[in-house]
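**Q** This is what each chain is made of:
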Amino acid sequence: MTGVLSPAGEIRSTTPAAAPVTMAGALNAALADSLSADERVLVFGEDVGTLGGVFRVTDGLAARFGERRVFDTPVAESGIIGTAIGMAMNGLVPVVEMQFDAFAYPAFEQVTSHLAKLHNRTRGLITLPIVVRIPFGGGIGGVEHHCDSSEAYYTHTPGLRVVTPGSPADAYRLLRQSIDCPDPVVFLEPKRRYWSKETAVLTTDGPAIDRAVIRRPGTDVTLISYGGTVQTGLEAAEAAAVEGWNVEVIDLRSLSPFDDPTVRESVCRTGRAVVVHEAPGFTGYGAEVAARLTEQCFHFLEAPILRVTGFDVPYPPPHLEHLHLPDTERILDAIARLQWDDSA
Amino acid sequence: MTTFATATRTAAEDRLLPSAAPLQLIDPDGHPGDNPGGLALPEPRMLLELYRRMVLGRRFDLQATTLTKQGRLAVYPSSHGQDACQVGAALALRDDDWLFPTYRDTVAIVTRGVDPVEALSLLRGDWHCGYDPYRYRIAPQCTPLGTSTLHAVGLAHAARLKHQDQAALVLLGDGATSEGDTHEALNFAAVWRAPAVFLVQNNGYAISVPLAKQTAAPTLAAKGIGYGIPSLLIDGNDAAAVYSAVRTGIERGSAGQGPTLIEAITYRIEAHTNADDAARYRQAGEVQSWLARDPIARLEAYLKAAALLDDDAVRRLAAEAERFAEGVRQRMNIDADLDPAELFAHVYTRPTEALEHQRAALLSELEDSAR
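Protein chains in written order, with this note's numbering: chain A, 1 to 344; chain B, 1 to 371.
If you are wondering where the hints come from, they were derived from the structure by calculation, not from laboratory data.
Treat the numbers as computed from the prediction; the structure is a model and nothing was measured.
Please note that the accuracy of each hint is not assured.
Quick partial rundown of chain A residues pointing at chain B, CB under 8 Å, derived from the structure [unchecked claim]:
id, residue
1, Gly60
2, Gly66
3, Arg68
4, Pro74
5, Thr83
6, Asn90
7, Gly91
8, Leu92
9, Glu109
10, Thr112
11, Thr122
12, Arg123
13, Pro158
14, Pro182
15, Asp183
Here a beta-carbon is modelled for each residue, glycine too, at the ideal position from N, C-alpha and C.
Using the sequences and the hints given, assemble the complete structure.
**A** Here you go:
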C-alpha cells in the first residue's frame, strides 16, 4: 500500500475483523458507507472530486459514486454552504468540505445566520441535515490561515452541533452519526491526527453523537480534551502516572451540546480538572467548560479548574508553533498546580 | 491553436447581453410598449389577474404601513411602487417552483397564496417566519442581503439532480447585487446550469445609497455576461413585462438552459421602512415623476382601452380590496398567542438537556411572576 490512505472501499473490511486504519482513512470509509447507505447524501467542496481532497479524505469517492454525488465546486466557501442549504431544503443530505479552518470564514454568515437558524426560524418545518467538515488546528507546520482552532465561533452559535473526533475509530463513528443527524453539524477534523493509526473495527455502535467518553480511567484528576489534544492528553496521563498521578482522560467528542452528566460525574469524583485545547484561552471553549463545571461541581472541587491552552496570539508560523501548542510538560505543570498539599 | 472568431464572440455576447433600453410590453400611458424584445404579452385573463392582484396588494401594503404607524407591526418595508414586480413575479411561478423573497416582498408572498396574517408574522414580531415554506414553496423572508440567492441556487440544483421540473426564483434589490453571496450564486448557478431566476428589483436606492454609488456597471443586467448568464433588462413597472420575463427565465431553466438574470427598473414610493426618512436622500420631485409611472394605473388604462375592464369592475375590485384590508386589520389587532416555551423547541430537532433546563427555569420564573 502506498501513501497514507487507501482508496475508498478498501479501508473498511467487510468482515468485522479489526484492521489498522488512519483517521483520514476512517473518515473516507465513513463517507463511502454513508454514500452507499443513503442516496440523498452528496459530498462536495473544493478539490474533493478528482483530487480526492487536499488531505485525500475524499479519495476515490467521485470515481466510485459518480460526479452527480461527489463533485468539485467553484472556490467560494459561502457558496458551498449556501447552496448546501438550498439542497437540504429540497431533500438532499450535503456533506461539504471547507478546505482549511481559516478558509471557512467566508462562509461564516451562511453558517451562523442561516444554517444554524433556519430550523428555528421556521418553527421546525425546515430541517438542514448538513455536515460541514472542517480540518482544524495546528501541528502540521502549516503557514498562516491553515492552523486555526475555530471551534468557539461555532459553539457560540445555538442551532449548530459541533463535534470532533479524537481517534480513527471514533472519526468513523462520529462522521456517520453526524451525517445521520437531522441537525446541522460542524465536524472538526484534527488535521495533525489524520495520519494517526489505530487497529479497530469501524462501526457506528458505541457512544451517541452527543456523548463524551472516558478514554483513560483515573482517580486523581480529570483531563478534559478534544480533537487533537486527546492524544496529547493520553500521553500526558502516561507521563503523570510516572509522577504518581492517576489521570482520567475525557474525550469530549461533542463540543456542542456539552455532555454535562459524563464530565460532571468524572470531575465530582476526582475533585480536580484541567481543560486542554490549542485555541487561545481568552473566551475560549475551555472557559465555558471551567465555568459550567465550577457551577456544577463546586463543593467537590479541591482546586480551581485550570486551562492549558494556546497563547492569546494569532497562530504562530511553523517554526514557532511548538511554543504555542499544549504539550505534556505544560499539562503536567498544570496538574502539579492543583493544590495537592493543603499544608503547603 | 486558440482562435476566437469575432463573429462567434459577438453572437455569444448578443445572447448574453441585455437590451440597451428596458423591455416594455405596456408603456406608462397604457399603450403597447415599443420595445417588447422577445417578451410575449400575457393572455387577457392573466393581464386581468395581474391587475386585480396589484390592486389587492397595494391595499394590503397600505394597510400594513398603517398598522405599523399604529404600533401593530414592529416594522414594515413597503413595496408601494414595486407592485408590478411583486405580483408579476409571484404569478409567473408554476405550482412546484419556489419563491425566495426578502423582507420587502410580503405582497409577493400574499399573492402566492399565503394568509396575510401568517405572512406578517415576521414583521409583527411574533416569530421569524409565520408560514409553512413547503406548503407554499416559499422560503422564509430573507433579511441579510443576497444570502438567499445561494439557497435558491442550491434548491434549483437539487431539483436538477433529482430530475424534477422545478425552478427557483429569488428576489433581490439593487443593493444586494454588491454582496459577495450574489456573485457566488450567479457563478454557481451558471456553472451548474441551475434552473434559477434572479429578479433584481432595482428601485434606485439601497436604503439611502443611490445606484451610482453601488456599481459602475452600465446596468445590473449587464453583469450577467460575466457569468455566462443571459440577462434581461425590463421596465419593472410593467406587470406584463415582469410576468413574461420571469416566465421566460423559468422556461429556460426548465428546458435545461440554466439561470437567467433579470433587472427590473422600478421605484420605491415609500421610505425604506417606517423608521426611515427618505427626504434626507431624495427629492420630492423624483417621487412625483415615479408616481406618474404607476404600475396599476398603466395596466388599468391598457385594460380599459382593450375593453377588458370597465369602471364598474374597477369599483367592485376597490370594494374587494377594502374588505380584504378590513379583514387584515381586524385580525392583526388581535394579539397572537405566543408560547414562551417555544423559544427552546426548535433550536435543534430535539431540545438538548441544557435547553430543557433553561425552558423549565423560564417557565417557573413566569409562574412566580404571575403569582
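**Q** Are the hints correct? Go through all of them and say.
**A** We went through each hint and held it up to the structure:
1. Gly60: Interface hint status for Gly60 (chain A): violated (21 Å vs cutoff 8 Å).
2. Gly66: Hint on Gly66 (chain A): violated, closest Cβ of chain B at ~11 Å, above 8 Å.
3. Arg68: holds, 6 Å
4. Pro74: OK, holds: Pro74 (chain A) within 8 Å of chain B, min 6 Å.
5. Thr83: This interface hint holds because 3 Å falls under the 8 Å limit.
6. Asn90: holds, 4 Å
7. Gly91: holds, 7 Å
8. Leu92: holds, 5 Å
9. Glu109: Holds. Min distance 6 Å.
10. Thr112: violated, 10 Å
11. Thr122: holds, 5 Å
12. Arg123: holds, 5 Å
13. Pro158: Nearest chain B Cβ about 5 Å off; hint holds.
14. Pro182: Result: holds, 4 Å to nearest chain B Cβ.
15. Asp183: Where the cut-off is 8 Å and the nearest Cβ of chain B is about 5 Å from Asp183 (chain A), the hint holds.
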